[in-house]
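K.L.:
Here is what each chain is made of, one letter per residue.
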Amino acid sequence: MTGILDALRDDKFECFGPTGVTENNEPFSSSSDSDSGPSPLGFRSMEEPCPKRQYIHLERISDMDPMLFRYFLDGSERVTDAGFVIDPRRRHLPLFIAQIGVATTYLKDGSLELLHYDSRNILFFPDSFSPEDLDAAARVACEAARTSKLPLDLGFERYPVGGIDHSSPMESARARILASMHKLEIDRISRLAKKGDVTRDALLLIDGSLAFYGDIDRHLKSFENVVGVAKSFQLYRNLGKGKNLRHVGTFISQMPCEHRSPAYCTKHRNLNIASWYLRLYSPNQIASLGHPSGVVKVEVFPEQPAGPSPKVATARCERISQHLLALRAPTTPSTDSRWASHLYPVHLTERYIKSRFRSDFTIKACL
Amino acid sequence: MKTTPPIGRVVATEQNPTTTGNLRFWLTQGIDLKPFDFVRIIPPESSSESIGDFYAIIDEIFQVSDEVSPLSNFISSDFGDSSQKPRVGRVVTTYADATVLYNTKDIEMPVPHGARVYWPDEHGVRRALGIDDYNRKTPAGFITMSGPEKKSITINVDVDADYLLGPEGAHLNISGISGLATKTSYAMFLMSAIQQQQSIDMDPRDNRTSFVILNVKSSDLLHVHEKAPDLSDKTRSEWQKCGLEARPLNEVTYYYPFSPNAPAKAQTYLEPSAVDDNVNSGCGFRYFYDVDSFLERLLLLFEDLDDPNSTLVSCAEYCMENFGKATSWNTLNHEIKEWARETPDKKIPVVSWRRFARLFRQRTRNRVFTERSRFADKYCQVNLADRLKQLKPGHVAVVDIAQLPDYLQSFVVADIISALREARTGEVNEDEPDAVADGRTFVLFADELNKFAPRQSGKRSLVRYLREVSERGRSEGLILFGAEQFRTSVDERVTGNSSTHVFGRTTAVEAGKDPEIRARPQSKRVPFLRKGELLVSHTRFSSGTLKLRFPRNAYRPG
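Chains L and D, in that order, are what the protein sequence lines are. Numbering-wise, our numbering puts 299 at position 299 of the first sequence, and it's gapless, one number per residue. Numbering-wise, our numbering puts 1072 at position 72 of the second sequence, and it's gapless, one number per residue.
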């Protein structure tokens, strides 16, 4: 039985063990469910009819109204520092093993049920080796993981390594890990859409911004009934036009509870996304709540996202917002600092994934 | 069983690891369990080595949600809107703590994490309880536990007679509040079970137990040979579950305190006609104390009184030494009256004689202290001690002391204990020289034990008697079945030697005070036991304590 690193060493790779166990074993700490991704700046109103108020009050839905959100999807990853490898250019490059999980839950009679769980364990390896070397690395590493004392079904992916002065290998690896997770998410969203389960009356709610999905234009049809809800977003982005121009942070600081903003257009590649802000909780209710807490950013695709002047019906925005508001109770446990902006079904879906991840120690046991 | 889905999974966490004795498991939704239920635990599918199946008993059941505090729930409910109906139910799970009783491979290892929890099988539970290993079994009731599809499973439970009636262990103590704890009913059920069992068992060791029952209140136990008029089919089937027949006690003889002037010639709460019927049919007698039998126990007459200088004892001993067998009550009373004027013995001051005479007069005024009547045969007037010494195996003697004042009740109880001990050791059993060799056993059932052996009264002679029974009765063949409302009010040495403890419903204060209850994991349940439910702790139970039910008595209540 050989460890992954030993197997790579035996196969001529020069690599070392991780720097040691630290309190925070996650090499990446930033969240993937905010809108801090690649979406460009700039907003324009796209609701039809155009709302007259900048803060739109939401009526509560009746208890008898069937829930609009039936499916919830979330992805999560746990990354373990797996050591280092010296590439042919004598660069000291990190290795990572990422556990990636995507869970889909279904809301039935007020209870959440697990619908699907997709997961992958991937060794991220720098691509600065010859194709033969990379093939050999993949073969020996995966075999070693499979035959280890705590067997691990391991995949192999490369992360790009630029010139010695370019972006850090960490960032490159992180981007690859997130891309792999988003791919897994998109696969599941597509399958759900194909099956016809997700409809206008049974929406799929995903945790995070729609703008995260790189090749979303190829799966546009699958996203017709998907609503993205981001817990965090950029507060310094401009919103509005002319004399109404202001930062998002300024705008939401005055937004009352149970109100939303009009939907604005956000460009994403060649597509338009309708997005608006919705306040679930307000600092008026709990003084300790910061003004961005309790606000979520909601995103949907308009009817013709690639068209020249896409529109989204006010009634649709209204209904989605009302049902999101209905999901604010119960809250996620207050031990989660994002509780005021976190939706309980999403929290449970995320918690399920995290409960399925193996601990760093058992991953490191394979090294 | 293995094809049906498990009802839960064992979980071993950093905070709550499983041990060789304890485990925790979560329950599948829709499964109803209750404390004292049994479960069977099979190691997880991933387990490579077979470590056998485990059987465990539920100690407590919990439900937990991810709610952090009442405050967070208040916020979660839209800041205290109690009418709000959440669209998503909060995640809750029910989990149970259980005690491991048995492993089918006799392996003592912690139950593995992820082990599958199933409903138990009856045979497995009996093995887990160790019941099948008993040499001599006495039915003790039945367990009703949860089973699949909301149907309950009933298992009859035995106690090991070697540990209830000797020689390995002995004595039974039952405690619980009046009315709800069914103390007397349970003792009577057990005695009926022992009697029925010994009538069918061929083992000669089983055919040796006689019973002496004290009737201490109203006419509770004065109909134990009569069939209950309203015995339901349910009751009959419960008796059958225990392997017994729903029938009253057999071979019962009643002893009523004699009183020549009373309508029934007896001091009893029983109707005079019923007394006469019993007497006429040969199963009723009236006991009395003549001077001879009285003097033997004279010291017991004052045993509840403070006597720091032992003056009462000195006077009593003087009387015992100076009166012969043929003395009449008149003579005795007269002499004692005289001695109260002028002491016959310079060692005892006249003041002491005066106190003795006054108390003697008061306490022997009861008509149970009388001469043998001219119509003794007609009245069936007997010496209680003599009759009890001749009690045959399997027979029951009910001694009625309900109408006697407290000090006379104690006097009679002490007399009974002395008689039974003498019968067993053969001291005065000249007619039956084999009395010791035959190894017979007497069960003495004393309700209101707190009256006879109160705590912190160790100097009292009756307490000393009862302590001796409790400490040496096992080897002497004298077994005490005691019952009381509060165990903490009874002498610790009397209750502490019991190998079987039974707890009926009691108050929370008593449950907190009594170390016997406190020491048990299920102690919190004792104040909430329902009528007819008892926690039974028997030396041989591998689980320590079981919650048992037992059938209603089959005799006519008083």
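To be clear, the hints were calculated from the coordinates, so they are not data collected in a lab. Treat each hint with caution, since some may be false.
Derived coverage of chain D by chain L (criterion: at least 3 residues anywhere in the stretch with Cβ under 8 Å from a Cβ of chain L; other residues may be distant) [claimed, not checked]:
| id | region |
| --- | --- |
| 1 | 1059-1070 |
| 2 | 1398-1412 |
Here are a few chain D residues that face chain L, going by a calculated C-beta distance under 8 Å [what the hints assert, rightly or not]:
| id | residue |
| --- | --- |
| 3 | Ser1076 |
| 4 | Ser1293 |
| 5 | Leu1295 |
Covered stretches of chain L, as calculated for chain D (at least 3 residues, CB under 8 Å) [to be verified]:
| id | region |
| --- | --- |
| 6 | 132-144 |
| 7 | 212-222 |
All C-beta atoms, glycine included, are put in the ideal place defined by N, C-alpha and C.
K.L.:
Which of the stated hints cannot be reconciled with the structure, identified by number in ascending sequence?
P.N.:
2, 4, 5, 6, 7
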